[in-house]
Structures are given as C-alpha cells and as structure tokens.
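**Q** Chains Y and C, in that order, give the protein sequences.
Just so we're aligned: 52 in our numbering is position 52 of the first sequence, and the numbers increase by one with no gaps anywhere.
Just so we're aligned: 563 in our numbering is position 563 of the second sequence, and the numbers increase by one with no gaps anywhere.
Because the hints were derived from the structure by calculation, they are not lab data.
We treat Cβ as the ideally placed atom computed from N, Cα and C, and that holds for glycine.
A couple of the hints might just be wrong.
Beta-carbon label-pair distances, calculated as ranges [stated by the list, open to error]:
(1) Y:Ala43 <-> C:Ala179: 48 to 54 Å
(2) Y:Glu19 <-> C:Gln10: 29 to 35 Å
(3) Y:Ala17 <-> C:Ala69: 34 to 40 Å
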Amino acid sequence: MRVLFFAQLKDATGCNAVELAAASPLNTAQLWTELLQRFPALAAHRPNVRLARNWEYAAPDAIFADNDEVALIPPVSGG
Amino acid sequence: MEIEIQLTDQPIAENFLPPTQLGAVGAWLEFRGVVRGEENGRIIRALEYEAYPEMAGREIRRLLQDISARHPCRAAKVIHRVGIIPAGETAIYVGVASPHRGEALALLAEFMDRLKQDVPIWKRHALPTNIVGDDVRSLTLSAKKPETPHVVSYKSLDEALLEIRTHCQPLPAVRTPLAESFGRVLRETVCAPEDLPPVDRSMRDGYAIRADDAPEIFSVVDTIHAADWKPRQLKSGEAMRVATGSALPCGGLWVVMQEHVERDGDKLRVVRRENSTNVRLRGEEVRQGQPLVSAGTKLNAGALAILATVGNVNPLVSPRLRILHFTTGDEIVTPDQTPKPGQIRDSNSILIRSLLQNFPCDVEQDHLPEDFEAAKSEIANRKSQIENADVLLVSGGASVGETDFTRALLEQLGFGIVFSQVSVRPGRPLIFGVNGGASVLRSSTATEGGSVPVPHCGIGSLAPPNKVRVAFGLPGNPLAHFVCFHFAVATALAGLTGGEPPEFLRGQLDEKLDDKPCPRETLWPARWEWNDATLRLHLLAWASSGDITCLATANALVRVPANQGSIEKFAGVDFLPVMSMIGGG
Numbered sequence: 001m002r003v004l005f006f007a008q009l010k011d012a013t014g015c016n017a018v019e020l021a022a023a024s025p026l027n028t029a030q031l032w033t034e035l036l037q038r039f040p041a042l043a044a045h046r047p048n049v050r051l052a053r054n055w056e057y058a059a060p061d062a063i064f065a066d067n068d069e070v071a072l073i074p075p076v077s078g079g
Numbered sequence: 001m002e003i004e005i006q007l008t009d010q011p012i013a014e015n016f017l018p019p020t021q022l023g024a025v026g027a028w029l030e031f032r033g034v035v036r037g038e039e040n041g042r043i044i045r046a047l048e049y050e051a052y053p054e055m056a057g058r059e060i061r062r063l064l065q066d067i068s069a070r071h072p073c074r075a076a077k078v079i080h081r082v083g084i085i086p087a088g089e090t091a092i093y094v095g096v097a098s099p100h101r102g103e104a105l106a107l108l109a110e111f112m113d114r115l116k117q118d119v120p121i122w123k124r125h126a127l128p129t130n131i132v133g134d135d136v137r138s139l140t141l142s143a144k145k146p147e148t149p150h151v152v153s154y155k156s157l158d159e160a161l162l163e164i165r166t167h168c169q170p171l172p173a174v175r176t177p178l179a180e181s182f183g184r185v186l187r188e189t190v191c192a193p194e195d196l197p198p199v200d201r202s203m204r205d206g207y208a209i210r211a212d213d214a215p216e217i218f219s220v221v222d223t224i225h226a227a228d229w230k231p232r233q234l235k236s237g238e239a240m241r242v243a244t245g246s247a248l249p250c251g252g253l254w255v256v257m258q259e260h261v262e263r264d265g266d267k268l269r270v271v272r273r274e275n276s277t278n279v280r281l282r283g284e285e286v287r288q289g290q291p292l293v294s295a296g297t298k299l300n301a302g303a304l305a306i307l308a309t310v311g312n313v314n315p316l317v318s319p320r321l322r323i324l325h326f327t328t329g330d331e332i333v334t335p336d337q338t339p340k341p342g343q344i345r346d347s348n349s350i351l352i353r354s355l356l357q358n359f360p361c362d363v364e365q366d367h368l369p370e371d372f373e374a375a376k377s378e379i380a381n382r383k384s385q386i387e388n389a390d391v392l393l394v395s396g397g398a399s400v401g402e403t404d405f406t407r408a409l410l411e412q413l414g415f416g417i418v419f420s421q422v423s424v425r426p427g428r429p430l431i432f433g434v435n436g437g438a439s440v441l442r443s444s445t446a447t448e449g450g451s452v453p454v455p456h457c458g459i460g461s462l463a464p465p466n467k468v469r470v471a472f473g474l475p476g477n478p479l480a481h482f483v484c485f486h487f488a489v490a491t492a493l494a495g496l497t498g499g500e501p502p503e504f505l506r507g508q509l510d511e512k513l514d515d516k517p518c519p520r521e522t523l524w525p526a527r528w529e530w531n532d533a534t535l536r537l538h539l540l541a542w543a544s545s546g547d548i549t550c551l552a553t554a555n556a557l558v559r560v561p562a563n564q565g566s567i568e569k570f571a572g573v574d575f576l577p578v579m580s581m582i583g584g585g
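Could you put together the complete structure from these sequences and hints?
**A** Here you go:
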C-alpha cells in the first residue's frame, strides 16, 4: 500500500510517500507498528496524526489493505 | 446544490460574477481569507500552503453538503490556493448563494471553522523577511523552497486549541423549556414564523382612514380597542377610532392623531394631516422566515425574549454538561482545615466550580488518593459516574510526577492522550485526552450518502459507542489552573455545546513589559480598563505558577509571543478576557 506524508511529517520521514508491502491487511495498530519501525521519528507525532484511507478519514477500526492509499494527516491549518 | 471546488497554484481572480438562474436565491455571500502580513509581531512576507488535493476536494464537498442540510444553500464555490502565497493575497475564496442572508452567513461561518479542522491543507512555512517583492513572485513561479524556512511548531498554543476544537464536536442537542435555556447554545436558527407585527398597527391614539381618502369630514363607523381584531374594508369617508397598538382593520390606512381632529357625535373633521401615516406596517419589524436568532448563539436574556415573542417555548439547545472534577495529591486539605507543615488548602475545587458557573452544567467534585493503586480502586467504584460525565477534569497534585500520575489515570480510564504538553506558561504540563475520537463524531453527524463507515468506539472500553468524552489533566498550581481553564477547558466546553470558542481581543499595554525572552508563549495575568476610548491592559506581577495573589484582580490574560522579551508601552497585544459569569459566560 502507498502511504503519504504531509507537512511536518515530510520533515520527520524525509520523504512524501512510501510503499509498504503488507502480507495481509493491517489494522490501525499494526499499521503504526510498521510505520514506526521504518520511521521512528513519527512516534512524537502520533498523538496528533489522523489516518486517512482512500481520501477519507479512517475510523479507529479501519483495515488497511494492499491496494489502499493511506495518508497521515497532521493537524490541518488551511484557510 | 451546485458545488464548484478548485485547488490552484495560481492567484485567485479579483472578481467573480454571482450565479444566475438559481431561482429562490436572496443572498450571494463572498469571503476571502488573505495571508496576514504580521503574526505575533513578526512580519510575514508570504506563506507556503500544501494540500492533499484528492482528499481536500472531497472533504470540502462533504462539509458543504453536511452544513447545507441545516443552512440551505443553492450554490457554493470554493477556491483554495496552494504553493507560496504573498502576504495580502487571497488564500481562500468562498462564495455561497442561499435563499436568505442568515443562512448564507451561518453556512459560511460554520464552513470556515470546519475547514480549519478537517480539510487536509497546511500552512507550512513563513518566508523570512529578507525575501521581498519580486523575489516572492519568482519563488512562486519556480516553486522553490525558501532556504531557511521557519517551521511552525505543532505543540504551540494554536495547535493545542486546534486539537481541542477538532475533538470537541457538539453533543446531541435537546429541546428544553425556555426557563431552563439561559446560557445554553441555540442549535438551530430560529426564524420568524409570521410577520411582525402580523397586521398593520396604529402608532397613535386617533382615527384610521383610508390613505387615499381626500375629504375633511368622515363618519366614525366603529371603535377598535387595543386587543380587538375587527377585519373590515374601510370605505371612502369612513373612519375608525383606534388606540396606540390597535390592529388596523385592513391595509392601506392612515391614522390621524386625535389632537388633529374635531369630533361631534359620529362626525369627524380632520383639521391637520401630518406627513407620517402613524402606521407600523405588517412585517415592518420582522418578515416571515427571517432568521431571528442564529444557531450557535449563547442564549441571553434578550435572545430568550425573542424566542418567547415568536412562541418558541422549547428551543433546540445544547445539553446541560455533566462535569466530573477530581483533585489529587495527599498534601491537599479542605479549606476549612488548618494545614500542617507540608500541607496546603485546596483552592482548585472552588476555582473550577466558580469558573464552570459560566456554563450550564452539573458539577461533581471529589478527591483521589495519591497512591495509584488506591486511586485505581477508587475510580473502579465510580465507573458509572465517570461514564456519565461529558468532561473529566483532574487537578494534579504538586507532588513529583503529577503529570505521569494523571496521564496514567486517564489512560486507565480509557482516554487516548492527544497531547500532554503545550508550549505556554504557566500551564505547560496540560494533558488533553479523548475517549471516542473525532472520527466517531463525524460519522454520527454525516447526513447524506451514508458513505462514512460507522466505527466502534476507538480507545478504551468504558464509553458506549458514539459517545465522546474528553478529559483534561490540569497542572496543580492555581494560576496554571486559571490559565488552562480559560484557553483550553473553555474551548472544549464551547465545542461540546456548539458555541463560539473563547476569542482573543486586542488592547494596548499601559506600560512597558520588561521580560526575558521565553521560548514558550505566555498568558500573562492582567487587568484591562477603558482609558478614554482605548482598552488599556495593566500587567499584574506574578513570579511562578503558584503565585495566586494576582488572581483576585486579573480580568485578562495577555498573550505574549514566544521569544518576545520586552514589549513597548502602548504596543497592541492580544488578550483573552477572564470569564465574568455575565450572560452565562
């Protein structure tokens, strides 16, 4: 699955997207485990980040499948 | 509804034509958000905006559809610019067309609030001040990143407030009798059910005649007392005796003051006609359908009087909040006790209880032992009490590790910690936790399409599904309590009730602030008063967050930007007014 980073999360990860190869669909906790393993610097941001799946905010019990587009949304500040 | 949404890296046009051929559209409202040239005393040349375009467009559409279910709208156009935007230029343009202006204004206000919470667009960098004029333009064209960008810290006061607003969405509204609605937040716009006045009324004691009637002599055919309703088409030459406030028998009348006639039996001679008709026309005050009190208004005496006038005796309002407050710390004794060495009297309970008077709520207060295992079994005994509370407040003790204690306690209760520090003094170790979560609420308020999945309650197990509860761990010192309540707890309570969050106002310092630069923002206790027509702020002395003497006189919290140091006499500053309990807050 493709995982996108925005705003300060780009600084934390050093990239704006990453491909995660997951053997099976992941729940929220598993997804975070994968991400934190790869980008430990995300840990500090985690409490403030909302997850999006296929261009909608994901529910806490969402399942992220291989063909999903996932995004980490830090606090927004548009307008 | 027609919706047009654009994200563009080009400047937004100066003018847009209002939509045509939309039928019953009475209001075309336009809003432009522009890049502010100054923030916290720092000059800003430009801001860089970033978006997640696919999702931003969908979120904007979803918000518009959701809000227009409550505030009807025929067409909406939203353009958000991204990339580098010079100060003074438009970052967002919103145009909405609605049947009435009240709907358009309400829709726009709510849309902008929610855009700033949910739409994945970010202000990233403020350009340094040495990049000016044409340089900004060339940067825009080449989309080149500034070399030394200032990255906005997301643990700032503003970010903390954004988090609180995001998580504290309005609780379900309830219909409540007028007498219990004072201080509640109205949750639906109340419109006039009929014209006010409902018929033409006389404004004078005198005689009603046809406005197009020329003769001097009339015959008096009837008398209308103040409470009478006698519909009748007056003929030429007929007059009716009326009193101030009388409902006139038909339209198109003129009232001649009784001082300007001579009466003899049924005969009436008009000796003088004024220019004024002395008639208050039907609908002159309020037209049927006109919004009278907007959703989001905190109901004060005047607003309640209007609701009574139009017979809205059970308005849809925010529920009475249930608030549970625990003090912690074994060094605390009740105020009626004499503290032994090492002990202090509990001032936080009465402080919190008094500040909560600004919000219609039920408050329960209790004390938890400092031993974590003992505290755990204490809260286990109060499971239903805790489950029923909308807001949980925990005052930290002054003991070492209070933050960890409160944090562990909230996690034990099933709260997910959103943040545990804010870059502000006093009040840095402020903890904010949520049980439920923003996404739960969003799904329960979504109306159309049904595409948003209904999730289970996220974290913890105590809260029933879809019920969101929030918790604050307040740093133990009274001054920190006072500050945290005003910026954080009050923002949460406003969010849960659907009201306006506390707003920073502008005033002028009455003397120079001499202070060392602090890496955190400061909310400095102060006293404001009018000096001539200027709002002057007098800073009060405080040495530490345990310093409470200033609380007796403080009526403002002045916002001193991070790294500011001194501020000159008469400089303009932002401040948060202290709650006064007037008008229910």
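**Q** Name the hints, by number, that the structure is in violation of.
**A** none
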